[in-house]
Amino acid sequence: MIEAEGLTKIYGNQVVAIEDVTFRVERGQIVGFLGPNGAGKTTTMRILTGYMPPTRGRARIAGYDTVLQSLEARRHIGYLPETVPLYPEMSVRAYLSFMAEIRGVPNRKAAVERAMALTGLEDQADALIGKLSKGYRQRVGLAQAILHNPDVLILDEPTIGLDPRQVREVRDLIQELGKTHTILLSTHILAEVQQICDRVLIIHRGRIRADMTLGEALRSRRPDRIFLRVEGGDRQVTEILSALPGVRRVERLESGVYEIEVADSAKEDPSPTIAETVMRQGWRLLELRPVGLTLEDLFLQVTAQD
Amino acid sequence: MRNLWAIARRELGAYFVSPIAYLVGAAFLAMMGFFFYTDVIFTVLSRSEPTMRYIFGVMTTILLFVAPVLTMRLLAEEQRLGTLELLLTAPVQDWEVVLGKYLAALVLYLGLLTATGIYPLLLFWMGGNPDIGPILSGYLGMFLFGAALLSIGLFSSSLSQNQVVAAVVGIGLVILLAVASLPADGITNPTLQQILNHIDLRNHLMNFRRGLIDTTDVVYYLSVIASFLFLTVQILNSRRWR
Numbered sequence: 001m002i003e004a005e006g007l008t009k010i011y012g013n014q015v016v017a018i019e020d021v022t023f024r025v026e027r028g029q030i031v032g033f034l035g036p037n038g039a040g041k042t043t044t045m046r047i048l049t050g051y052m053p054p055t056r057g058r059a060r061i062a063g064y065d066t067v068l069q070s071l072e073a074r075r076h077i078g079y080l081p082e083t084v085p086l087y088p089e090m091s092v093r094a095y096l097s098f099m100a101e102i103r104g105v106p107n108r109k110a111a112v113e114r115a116m117a118l119t120g121l122e123d124q125a126d127a128l129i130g131k132l133s134k135g136y137r138q139r140v141g142l143a144q145a146i147l148h149n150p151d152v153l154i155l156d157e158p159t160i161g162l163d164p165r166q167v168r169e170v171r172d173l174i175q176e177l178g179k180t181h182t183i184l185l186s187t188h189i190l191a192e193v194q195q196i197c198d199r200v201l202i203i204h205r206g207r208i209r210a211d212m213t214l215g216e217a218l219r220s221r222r223p224d225r226i227f228l229r230v231e232g233g234d235r236q237v238t239e240i241l242s243a244l245p246g247v248r249r250v251e252r253l254e255s256g257v258y259e260i261e262v263a264d265s266a267k268e269d270p271s272p273t274i275a276e277t278v279m280r281q282g283w284r285l286l287e288l289r290p291v292g293l294t295l296e297d298l299f300l301q302v303t304a305q306d
Numbered sequence: 001m002r003n004l005w006a007i008a009r010r011e012l013g014a015y016f017v018s019p020i021a022y023l024v025g026a027a028f029l030a031m032m033g034f035f036f037y038t039d040v041i042f043t044v045l046s047r048s049e050p051t052m053r054y055i056f057g058v059m060t061t062i063l064l065f066v067a068p069v070l071t072m073r074l075l076a077e078e079q080r081l082g083t084l085e086l087l088l089t090a091p092v093q094d095w096e097v098v099l100g101k102y103l104a105a106l107v108l109y110l111g112l113l114t115a116t117g118i119y120p121l122l123l124f125w126m127g128g129n130p131d132i133g134p135i136l137s138g139y140l141g142m143f144l145f146g147a148a149l150l151s152i153g154l155f156s157s158s159l160s161q162n163q164v165v166a167a168v169v170g171i172g173l174v175i176l177l178a179v180a181s182l183p184a185d186g187i188t189n190p191t192l193q194q195i196l197n198h199i200d201l202r203n204h205l206m207n208f209r210r211g212l213i214d215t216t217d218v219v220y221y222l223s224v225i226a227s228f229l230f231l232t233v234q235i236l237n238s239r240r241w242r
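These protein sequences, in sequence, are chains A and B. Quick note, the first sequence lines up with residues 1 to 306 if you use this note's numbering. Quick note, the second sequence lines up with residues 1 to 242 if you use this note's numbering.
Take these hints with a grain of salt, some might be off.
[What the hints assert, rightly or not] Computed spacing ranges between beta-carbons, pair by pair: (1) B:Leu222 <-> A:Pro164: 56 to 64 Å; (2) A:Pro36 <-> B:Trp95: 34 to 42 Å; (3) B:Asp131 <-> A:Asn107: 53 to 61 Å; (4) A:Asn107 <-> B:Trp95: 46 to 54 Å; (5) B:Trp5 <-> A:Glu5: 32 to 40 Å; (6) A:Asn37 <-> B:Leu176: 40 to 48 Å; (7) A:Lys179 <-> B:Trp95: 33 to 41 Å; (8) B:Thr215 <-> A:Lys109: 42 to 50 Å; (9) B:Leu231 <-> A:Glu216: 48 to 56 Å.
[Unchecked claim] Chain A regions said to be covered by chain B (calculated; three or more residues, Cβ under 8 Å): (10) 41-52; (11) 65-75; (12) 84-93.
Don't read these hints as lab results, they were simulated from the structure. Glycine included, every Cβ here is placed at the ideal spot set by N, Cα and C.
The whole structure should be built from the sequences, with the hints applied where relevant.
Here is the structure:
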């Protein structure tokens with residue numbers, strides 16, 4: 001649905017905003033687009049939406065080139081830019097109706113009602129946008145993006161500035177939309193990606209540094225520490241487990257609760273060996289899980305390079 | 001085309017919910033009314049022929065300030081709100097955005113111009129017998145002149161996110177073009193002199209006021225409009241190569 005091939009954008013002949021950005025997003029995926037501020041997220045999104053062309057490379061939306069078949073590509077995209085683009089002097093309904101009109105939506109009235117229903121805006125339909133709270137404005141922005149039932153949704157920081165309840169509502173909505181739409185969403189909130197995305201793309205200094213499914217992202221890497229809860233073994237536990245390959249140190253946090261530090265040299269996750277050992281010793285294994293391996297760690301690791 | 005109408009209609013709606021259109025319209029008509037009144041008094045006292053010449057002259061000067069204020073919001077505000085990004089990522093061509101906005105300003109201006117139609121009607125009603133030819137051609141001239149000013153104002157509005165900056169740049173530009181022929185007399189180079197005389201926005205009103213519709217003048221105003229609209233589209237387009 002979204003194909004980016006070697007996208008490079010150079011501003012004013014020298015500032016390289018993004019370089020050789022290549023990725024694909026298949027139909028029905030929700031992809032989290034992460035990166036520090038100024039990494040090139042907005043630039044990439046602006047190229048995908050046809051707002052500006054790349055200096056090199058090309059992008060396709062639903063098979064249409066964003067430069068050569070720009071209008072056709074734009075018909076298949078719903079876009080929520082970082083600053084929600086609203087006309088404060090219009091009512092929600094009038095604004096959505098205008099957007100539907102310039103998008104060439106055939107049954108305008110029905111499309112507007114549907115978008116308002118999906119975003120929970122019915123009770124504010126005739127309110128002036130300028131008088132709405134930030135949460136409602138964000139919803140109007142989302143409603144605008146889904147009006148024409150586009151195949152692809154590109155959302156730049158959709159939950160920024162919302163209170164926790166609104167964040168939850170918008171996330172639920174995105175998840176719901178994700179069942180039928182292809183979504184690329186940028187965010188700073190890693191928990192959000194963990195919650196609603198199938199895949200994560202991390203961009204840093206204009207280059208894609210990680211592109212993997214969320215499962216891979218969290219599983220593939222060997223944990224640095226492992227949390228263990230056992231029954232039995234007492235004093236022996238520290239001693240026996242410390243001797244295992246790949247284990248640097250075992251710390252007893254309290255009775256039956258241990259934290260195992262993985263040696264830097266270890267190639268593989270020592271968890272299976274630890275589990276086996278525990279069983280062989282006849283202790284009861286209550287809990288064994290990697291500690292602190294979060295998207296945050298991955299993000300920091302990836303963006304710490306150079 | 002459908003997009004162009006949609007944008008023009010939205011823009012006209014926006015004019016009437018913001019105080020700017022009312023304020024500018026009221027100020028324009030109040031000033032025109034004042035000058036019309038003094039002109040009528042003068043005409044009656046001096047027992048001279050009632051004409052619209054003086055009124056058209058006054059209107060020319062007032063429009064230099066009014067037109068850029070009417071257009072200052074059009075693209076500047078759109079850039080400030082971020083809605084321009086929305087329009088330019090919708091399946092709409094850049095020129096449709098520019099023309100739609102221009103059309104809205106033009107309709108508003110046409111409304112103001114029509115409102116001043118009461119003055120010649122009053123001249124007839126008061127029993128004066130003004131020559132109708134110069135009035136009609138004068139109005140055509142005022143329409144073209146104002147339309148040219150609006151295109152320059154729209155261009156200025158594309159240059160900034162700030163409405164005030166857009167208005168100031170617009171007023172500066174139209175005044176510059178309206179007084180272009182002033183230094184012409186002191187210039188010995190005949191080509192340059194001719195050029196300055198030709199690009200002067202007000203020079204081309206002379207014939208209209210005399211009751212003459214000269215193709216040169218019409219073509220001049222139409223080319224000013226086309227040029228500035230074209231430049232505005234290029235400014236919007238410049239995001240592509242910046």
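We went through each hint and held it up to the structure:
{"no.": "1", "hint": "B:Leu222 <-> A:Pro164: 56 to 64 Å", "in the structure": "holds, 58 Å"}
{"no.": "2", "hint": "A:Pro36 <-> B:Trp95: 34 to 42 Å", "in the structure": "holds, 38 Å"}
{"no.": "3", "hint": "B:Asp131 <-> A:Asn107: 53 to 61 Å", "in the structure": "holds, 56 Å"}
{"no.": "4", "hint": "A:Asn107 <-> B:Trp95: 46 to 54 Å", "in the structure": "violated, 28 Å"}
{"no.": "5", "hint": "B:Trp5 <-> A:Glu5: 32 to 40 Å", "in the structure": "holds, 37 Å"}
{"no.": "6", "hint": "A:Asn37 <-> B:Leu176: 40 to 48 Å", "in the structure": "holds, 42 Å"}
{"no.": "7", "hint": "A:Lys179 <-> B:Trp95: 33 to 41 Å", "in the structure": "holds, 38 Å"}
{"no.": "8", "hint": "B:Thr215 <-> A:Lys109: 42 to 50 Å", "in the structure": "holds, 48 Å"}
{"no.": "9", "hint": "B:Leu231 <-> A:Glu216: 48 to 56 Å", "in the structure": "holds, 51 Å"}
{"no.": "10", "hint": "41-52", "in the structure": "holds (count 5)"}
{"no.": "11", "hint": "65-75", "in the structure": "holds (count 4)"}
{"no.": "12", "hint": "84-93", "in the structure": "holds (count 7)"}
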